[in-house]
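Q: These protein sequences, in sequence, are chains A and B. Per the working numbering, residue 7 is the first one in the first sequence, and the count goes up by one each step. Per the working numbering, residue 7 is the first one in the second sequence, and the count goes up by one each step.
Some clues are possibly wrong.
Heads up, the list lumps identical chains together, so a pair's fine if it works in one copy or across two of them.
Stated by the list, open to error - Once the Cα atoms are required to be at most 16 Å apart in a straight line, the calculated EDC-like pairs of lysine to aspartate or glutamate come out as: (1) Lys382 with Asp357; (2) Lys348 with Asp96; (3) Lys412 with Asp326; (4) Lys382 with Glu364; (5) Lys382 with Asp358; (6) Lys20 with Glu302; (7) Lys267 with Glu26; (8) Lys35 with Glu375; (9) Lys412 with Glu302; (10) Lys412 with Glu375; (11) Lys348 with Glu364; (12) Lys382 with Asp326; (13) Lys20 with Asp177.
Calculated from the structure, these hints are not laboratory results. A quick note: this is a predicted structure, and the numbers were derived from the prediction, not measured.
Residues per chain, in single letters:
Number of protein chains: 2
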Amino acid sequence: MAVRLSAPDPASIKPVPGVELGFAEAGIKRAGRRDLMLMRLARGSRVAGVFTQNSFAAAPVQVCREHLDSGEAIRALIVNAGNANCGTGDDGIAAALRSCEVAARLIGCSISQVLPFSTGVILEPLPVDKIEAALPQAFATLAADRWAAAAAAIMTTDTVAKATSRTIDIDGVTVTVTGIAKGVGMLQPNMATMLAYVATDALVDQVALQRMVREVADVSFNRVTVDGDTSTNDSFVLIATGKAAMPEIIGAEPARYLALKATIVEVAQQLAQAIARDGEGATKFITIAVNGASDEAEALRVARSIGNSPLVKTALFASDPNLGRLLMAIGNARVEELDTAKVDLYLSAGDDEVRVIEAGRRAASYREEDGARVMKPDEIVIRVELGRGTHGTVVWTCDFSYDYVKINAEYRT
Amino acid sequence: MAVRLSAPDPASIKPVPGVELGFAEAGIKRAGRRDLMLMRLARGSRVAGVFTQNSFAAAPVQVCREHLDSGEAIRALIVNAGNANCGTGDDGIAAALRSCEVAARLIGCSISQVLPFSTGVILEPLPVDKIEAALPQAFATLAADRWAAAAAAIMTTDTVAKATSRTIDIDGVTVTVTGIAKGVGMLQPNMATMLAYVATDALVDQVALQRMVREVADVSFNRVTVDGDTSTNDSFVLIATGKAAMPEIIGAEPARYLALKATIVEVAQQLAQAIARDGEGATKFITIAVNGASDEAEALRVARSIGNSPLVKTALFASDPNLGRLLMAIGNARVEELDTAKVDLYLSAGDDEVRVIEAGRRAASYREEDGARVMKPDEIVIRVELGRGTHGTVVWTCDFSYDYVKINAEYRT
Numbered sequence: 007m008a009v010r011l012s013a014p015d016p017a018s019i020k021p022v023p024g025v026e027l028g029f030a031e032a033g034i035k036r037a038g039r040r041d042l043m044l045m046r047l048a049r050g051s052r053v054a055g056v057f058t059q060n061s062f063a064a065a066p067v068q069v070c071r072e073h074l075d076s077g078e079a080i081r082a083l084i085v086n087a088g089n090a091n092c093g094t095g096d097d098g099i100a101a102a103l104r105s106c107e108v109a110a111r112l113i114g115c116s117i118s119q120v121l122p123f124s125t126g127v128i129l130e131p132l133p134v135d136k137i138e139a140a141l142p143q144a145f146a147t148l149a150a151d152r153w154a155a156a157a158a159a160i161m162t163t164d165t166v167a168k169a170t171s172r173t174i175d176i177d178g179v180t181v182t183v184t185g186i187a188k189g190v191g192m193l194q195p196n197m198a199t200m201l202a203y204v205a206t207d208a209l210v211d212q213v214a215l216q217r218m219v220r221e222v223a224d225v226s227f228n229r230v231t232v233d234g235d236t237s238t239n240d241s242f243v244l245i246a247t248g249k250a251a252m253p254e255i256i257g258a259e260p261a262r263y264l265a266l267k268a269t270i271v272e273v274a275q276q277l278a279q280a281i282a283r284d285g286e287g288a289t290k291f292i293t294i295a296v297n298g299a300s301d302e303a304e305a306l307r308v309a310r311s312i313g314n315s316p317l318v319k320t321a322l323f324a325s326d327p328n329l330g331r332l333l334m335a336i337g338n339a340r341v342e343e344l345d346t347a348k349v350d351l352y353l354s355a356g357d358d359e360v361r362v363i364e365a366g367r368r369a370a371s372y373r374e375e376d377g378a379r380v381m382k383p384d385e386i387v388i389r390v391e392l393g394r395g396t397h398g399t400v401v402w403t404c405d406f407s408y409d410y411v412k413i414n415a416e417y418r419t
Numbered sequence: 007m008a009v010r011l012s013a014p015d016p017a018s019i020k021p022v023p024g025v026e027l028g029f030a031e032a033g034i035k036r037a038g039r040r041d042l043m044l045m046r047l048a049r050g051s052r053v054a055g056v057f058t059q060n061s062f063a064a065a066p067v068q069v070c071r072e073h074l075d076s077g078e079a080i081r082a083l084i085v086n087a088g089n090a091n092c093g094t095g096d097d098g099i100a101a102a103l104r105s106c107e108v109a110a111r112l113i114g115c116s117i118s119q120v121l122p123f124s125t126g127v128i129l130e131p132l133p134v135d136k137i138e139a140a141l142p143q144a145f146a147t148l149a150a151d152r153w154a155a156a157a158a159a160i161m162t163t164d165t166v167a168k169a170t171s172r173t174i175d176i177d178g179v180t181v182t183v184t185g186i187a188k189g190v191g192m193l194q195p196n197m198a199t200m201l202a203y204v205a206t207d208a209l210v211d212q213v214a215l216q217r218m219v220r221e222v223a224d225v226s227f228n229r230v231t232v233d234g235d236t237s238t239n240d241s242f243v244l245i246a247t248g249k250a251a252m253p254e255i256i257g258a259e260p261a262r263y264l265a266l267k268a269t270i271v272e273v274a275q276q277l278a279q280a281i282a283r284d285g286e287g288a289t290k291f292i293t294i295a296v297n298g299a300s301d302e303a304e305a306l307r308v309a310r311s312i313g314n315s316p317l318v319k320t321a322l323f324a325s326d327p328n329l330g331r332l333l334m335a336i337g338n339a340r341v342e343e344l345d346t347a348k349v350d351l352y353l354s355a356g357d358d359e360v361r362v363i364e365a366g367r368r369a370a371s372y373r374e375e376d377g378a379r380v381m382k383p384d385e386i387v388i389r390v391e392l393g394r395g396t397h398g399t400v401v402w403t404c405d406f407s408y409d410y411v412k413i414n415a416e417y418r419t
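Start from the sequences and build out the full structure, keeping to the hints where you can.
A: The following block contains the structure:
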């Protein structure tokens, strides 16, 4: 069902010096499926992360935050699918720590140098014995060139594995950036049930890396919405192994910082868009651009109001130019003193752009057949001009189909 | 599809002295269906209303606000289904005023004594010529005992007409309260695509009536959500004809004010619940009670976060006790410094109550078969205890089914 999205060619996903990946079939969700991933990082690697803002942050998220705050160098990440280890209280924390302990022993580091991640069903005890039993297998298979397999191992309801790579030349040194992610439900800013890991061999100062992970998330994963729900387990982790022979990138060196960040943003945006393309039941990939806002927060409110509206999304699914719903969604974004007579709205697919709303009302030139035509393709851009200022933003989403209901009504069965 | 909701017995819907209703087939949506209602109010009637907070308030809403603000006594209401007259600019205002003008001429009052209401498709010109042509027929059929027919005439995607009546004794005088409403999509606080009209023959001071309409809306129509979208045309109007032989109710008489208000709240809550029972594609009626909040606004945020979550609503549709989604929805309600270890959650159907979450985690006593059993009936109560304070609220909603998508994907066809 994914919209113009195919699994990455494993050959195109470049290893990142200093990162190795291994897998196991722990049998958490069902037998015979890789559902456990272990990532080992070389000594000297730096790691920064951003996590869900849901009050019910899952046990692994709580442990990640603590371990990152401890200041100890992270040496390993464990990711399991099939169980979110959320709503599990102290037992959940103990289970997450237990999995860290087993990984630490295998790798030869302390517990707080391991970050745990879980995705799957909430409110059920994590079968940590299964993880414990499977970790040695994951450890035994560690290898640098297994990013595509890693992308497959962390999938839940994803239909396509999500991975991408870029290289960039920084002062004559070639640096690699490779990332993987999983979606696909509960997708909304701050953040999605989304696990994303992006690694580079660049040498980056810890403070700069922490700043970068937030800045990258803000223009990539926090710009995706599938259903407006926010998961308890969302995590985006940025890793810099420092294996490239280059001077360290620190915050005070804007040119090199920005160059590296631009490449990481490319990787993160491609992954974020892949999540929307593979949204549960998605048949269309929708880009919502909002311009002319007083500030970016306002633009984002309007874009999300459109992107989260079930009425807009079902109309997109049906290719029905029931475009009043777009007007309704803009009007619901709590933009103070919005002068509706200044609002314009365009729909486009490729080069075909149709002006739908002009000065807050149906454009004189608008014909329903134009609306029907431009809504047919599987990639559509909705552009709103608010006429209030110079700020803007872009959000990616998908439509809302019978299959969204089907997938979510039958998720656990 | 409506959940335990049947059309009212016309005999049970009592006329309100001072209110007459008439209808016509204007042919706005399709031929052969009553889609125009005219309500005539006796001289001396007082009217107060609350309207959508959507920035794109429809033309009739703008005209209603002006006419109510003018201070002139309202003598008539016109309601059309099939076209929302929204996103129609100055032409839309002119069309709404034109319909008022025709009604005013028939009734013998000024234009600003008429309130216009529209519901239906947004962004298409109102065929005011059809309304103009049909109004004389509506005028010719004015009668006091036609509330049930009025409820049917204002329906759009409603499957069941919504009307109810109560009487109350105030100081020995029997007063009638009768109301009608329509839903059913775009239902969320402040307010829904919802038109609701409640009339009483009580004699109520204008200031007291204005206060009452807000207070009643807050505990009835603003407690319903179907899909979280807010329409451009929502209106709730409270009418007091003053025909009952009683001393005027003014704000300074709390006992009589509260007695009347309690009866009007009963009528409004029944109509509001009927809207959720008849939510688009609804197969279950869900009551969400949130207690132990620091203030009512906080309780409302939590209740709406649950009630608007597509993930929660699809799980309810499937009767799948995937109850982690409830935890997720609570966690997304932006409750500051929520101590999740104090959160309890119960599901119940009738007398069968199951504790699902205890102290922020799965209750020790919880068994999946209990969850499955309590989720099967078509009326379910979700009760959340936040453990923060003494405030609480209740919200009514419905589940999210294939038919929601179907109805909204095919609405216009």
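Q: Now tell me, hint by hint, if it's right for this structure.
A: Okay, the hints, checked on the actual structure:
no. : hint               : result
1   : Lys382 with Asp357 : within (14 Å within a copy, 50 Å between copies)
2   : Lys348 with Asp96  : between (54 Å within a copy, 13 Å between copies)
3   : Lys412 with Asp326 : between (21 Å within a copy, 12 Å between copies)
4   : Lys382 with Glu364 : neither (22 Å within a copy, 48 Å between copies)
5   : Lys382 with Asp358 : within (11 Å within a copy, 48 Å between copies)
6   : Lys20 with Glu302  : neither (35 Å within a copy, 53 Å between copies)
7   : Lys267 with Glu26  : neither (23 Å within a copy, 69 Å between copies)
8   : Lys35 with Glu375  : neither (47 Å within a copy, 20 Å between copies)
9   : Lys412 with Glu302 : neither (35 Å within a copy, 35 Å between copies)
10  : Lys412 with Glu375 : neither (31 Å within a copy, 22 Å between copies)
11  : Lys348 with Glu364 : within (8 Å within a copy, 51 Å between copies)
12  : Lys382 with Asp326 : within (9 Å within a copy, 34 Å between copies)
13  : Lys20 with Asp177  : neither (20 Å within a copy, 84 Å between copies)
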